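Asker: Here's the letter readout for the chains.
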Amino acid sequence: MVERMGRDGQDTIIATRNLSRTYIMGKMQVTALNRVTLDIRRGEFAAIMGKSGSGKSTLLHQLGLLDTPTEGEIVIDGVEISGLSEAARTRFRLEKFGYVFQEYAILPEMTALENVYLPAMALGLSQGECIRNGMDALEKVGLTGRADHRPREMSGGEQQRVAIARALINNPKILFADEPTANLDSVSSRQILELFRALNRDTGQTILMVTHELEDADIVDRVIWLADGEVVVREG
Amino acid sequence: MTSTRTELKVSAFLAYKFIAKGNRGTSALTILIMALAFVNLMFTTSVFDGMGDATETQVIDTLYSNIVIEPADGELYIENPDSVVKKIINVPGVIGTSAQYVTGATIAYEEQSGAWSIRAVDPADERTVSTVPDMMIEGEYLSRSDTREIIIGKEIAGGHGGSLEHTSLGGVVVGDTVEVTFANGVKREYRVKGIFDTNFIQSNQLAYVTEKEMESVLGIHDMASQILVKTDTKGEEDRFLNQFVELGVHEDIKPWIVYAGIIATLTQSFDALNALTGAIGFFVAGVTIFIVIYVSTVSKRRQIGILRAIGIKESIIVRSYIFQAVFYAVCGCIAGLVIMFAILVPYFIKHPMVFPMGDVTLLIEQKAAITRSAGLIISAAIAGFLPSWRAVRETILDAIWGD
Ligand SMILES: Nc1ncnc2c1ncn2[C@@H]1O[C@H](COP(=O)(O)OP(=O)(O)O)[C@@H](O)[C@H]1O
Ligand SMILES: [Mg+2]
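Protein chains in written order, with my numbering: chain H, 1 to 236; chain F, 1 to 403.
Treat the hints loosely; a few may be bogus.
[Stated by the list, open to error] Pairwise CB distance ranges, derived in the manner of DEER restraints:
1. H:190 <-> F:338: 24 to 30 Å
2. F:330 <-> H:71: 31 to 37 Å
3. H:35 <-> F:395: 39 to 45 Å
4. F:299 <-> H:87: 23 to 29 Å
5. H:126 <-> F:343: 42 to 48 Å
6. F:338 <-> H:204: 58 to 64 Å
Don't read these hints as lab results, they were simulated from the structure.
All values derive from a computational prediction rather than experimental measurement.
For each residue, glycine too, the CB sits at the ideal point set by N, CA and C.
Take these sequences, add in the hints, and give me the full structure.
Answerer: Have a look at this one:
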């Protein structure tokens with residue numbers, strides 16, 4: 001199955017085939033994704049781009065196991081996803097994925113370090129390991145000095161970097177990011193993108209990022225263009 | 001796979017952070033309401049337990065002592081009570097005995113008269129089993145050689161602020177002469193030597209004469225209608241009963257509790273009231289917790305969605321809310337107990353409630369406190385479960401991006 005779907009090489013980490021997602025709204029059907037077939041290679045930094053409403057988030061949600069496709073197949077790291085139970089999907093996300101959302105989405109009651117190590121704790125790591133890995137992750141995003149700060153004491157860019165550190169804590173196979181810079185000023189945005197670029201270059205982190213900023217295209221390895229829920233060769 | 005221990009640890013961590021770093025005002029208010037719900041749950045029970053306790057103490061101290069030995073079936077008197085007393089007096093824990101005659105009599109004073117029970121005692125013995133000798137509000141207690149002298153309770157005397165003024169003798173004082181007609185027809189005049197008040201409506205309707213006097217009235221000697229036995233502990237009456245039987249006491253032996261029918265009557269009438277206030281208390285506590293947790297899950301809707309998205313199991317999230325609810329309930333119970341012990345109990349010791357069984361203060365029974373706390377904690381756990389369970393039912397995408 002993996003071989004069949006991995007069309008351009010053995011090191012495919014995500015492969016989809018005819019992936020569709022249809023929303024039913026009353027009597028209307030909205031096809032947010034229409035028969036998408038694509039591969040993402042291990043170690044790739046890929047951007048999903050397209051106009052608003054073109055299905056970028058929907059695609060990311062299917063690949064990130066946050067939603068269930070109406071039709072089609074997804075194979076991630078050799079695992080056929082449709083065969084997984086809800087509990088196994090949750091476990092899969094904890095162990096193999098990292099997420100960065102548009103909203104900073106960190107818990108206001110916890111310090112930066114605690115926010116970062118929560119997923120490690122859920123994985124069963126000891127307090128010592130949690131703190132050590134958490135500090136390592138904070139170092140990757142350049143925030144070791146902010147470890148004991150609560151979110152309200154940090155800027156938006158810093159909070160987003162905490163969210164990135166949290167996404168990295170369990171050494172994910174894939175880092176998903178949905179418009180991670182949309183709420184940030186241009187300086188912070190630049191920092192985040194460069195951070196992604198460095199992570200990908202230095203550690204081979206696979207990153208799949210939704211963005212609508214055209215200039216982001218220059219920084220990534222590859223752009224997957226979407227239009228009306230379909231992969232297109234090039235947006236005009 | 002994730003162990004249960006890990007899950008509990010994460011749940012506890014989340015709960016701890018939400019409480020410790022969340023809104024202090026909300027936490028304080030929640031705990032206060034839980035404390036008031038707990039006090040509400042405990043109060044009627046404590047009053048009732050206090051009434052029961054006061055009644056027990058009164059029945060033992062002023063009416064029947066701990067154990068009553070009565071004539072065997074078919075007999076009117078215990079013959080040679082001294083021989084019975086000899087058998088039991090050396091049993092460890094027995095600290096006093098009083099053999100006494102009991103008879104019905106009509107007591108008359110001027111135009112008033114009524115039927116009461118008269119006990120005839122050896123005053124020295126009586127002091128070992130009863131507190132009545134210490135409860136004189138007027139005059140003195142009996143002496144061994146007194147004849148034609150009587151001690152009466154304030155409900156017989158009247159005019160001393162009793163509850164049964166209408167059936168009393170209407171205001172007898174020490175030195176007055178009353179006429180007593182015994183059940184066997186003997187009629188004698190007695191000087192009232194003293195009036196006592198035990199605070200207990202039942203023992204205040206007794207009259208006492210000396211053993212010597214009663215034997216001359218009844219024309220018998222060396223007999224007793226009952227022997228009261230005082231023990232140094234309460235609640236071990238059955239053990240003493242068995243020991244007495246083994247020592248050859250053939251008479252009818254009964255613990256004080258069989259005479260305390262009033263307590264059973266009280267229990268029944270208060271059970272319904274107790275159940276009602278209990279139900280209201282649990283409901284108030286449950287609804288409070290439900291609202292607090294509900295508001296928290298609604299305001300954290302997106303964060304809950306994010307937690308689930310990054311791989312935190314629903315059960316961990318639900319349990320973290322149950323932990324919070326249980327924490328509030330436990331704190332509420334502790335705060336409630338503090339309110340009870342630090343404020344209410346001392347208040348009622350200073351200002352006791354006056355009931356026919358005497359002054360009543362709050363009695364916080366361990367069993368009542370434990371069952372009420374457990375009930376409160378369980379209703380809180382359920383009230384914490386429902387909204388958080390509801391919150392993790394919706395899809396992750398709805399939770400994060402829904403409206
Ligand atoms: N929950 C939903 N219910 C109905 N329609 C939806 C829902 N989510 C997305 N859509 C529709 O699917 C299409 C793609 O949405 P989305 O993937 O969010 O686009 P993008 O992220 O590219 O802006 C849009 O037409 C949107 O209105
Ligand atoms: Mg989008």
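Asker: A separate judgement is required for each hint: does it hold in the structure or not?
Answerer: Checked hints:
no.	hint	result
1	H:190 <-> F:338: 24 to 30 Å	violated, 57 Å
2	F:330 <-> H:71: 31 to 37 Å	violated, 51 Å
3	H:35 <-> F:395: 39 to 45 Å	violated, 23 Å
4	F:299 <-> H:87: 23 to 29 Å	holds, 27 Å
5	H:126 <-> F:343: 42 to 48 Å	holds, 45 Å
6	F:338 <-> H:204: 58 to 64 Å	holds, 59 Å
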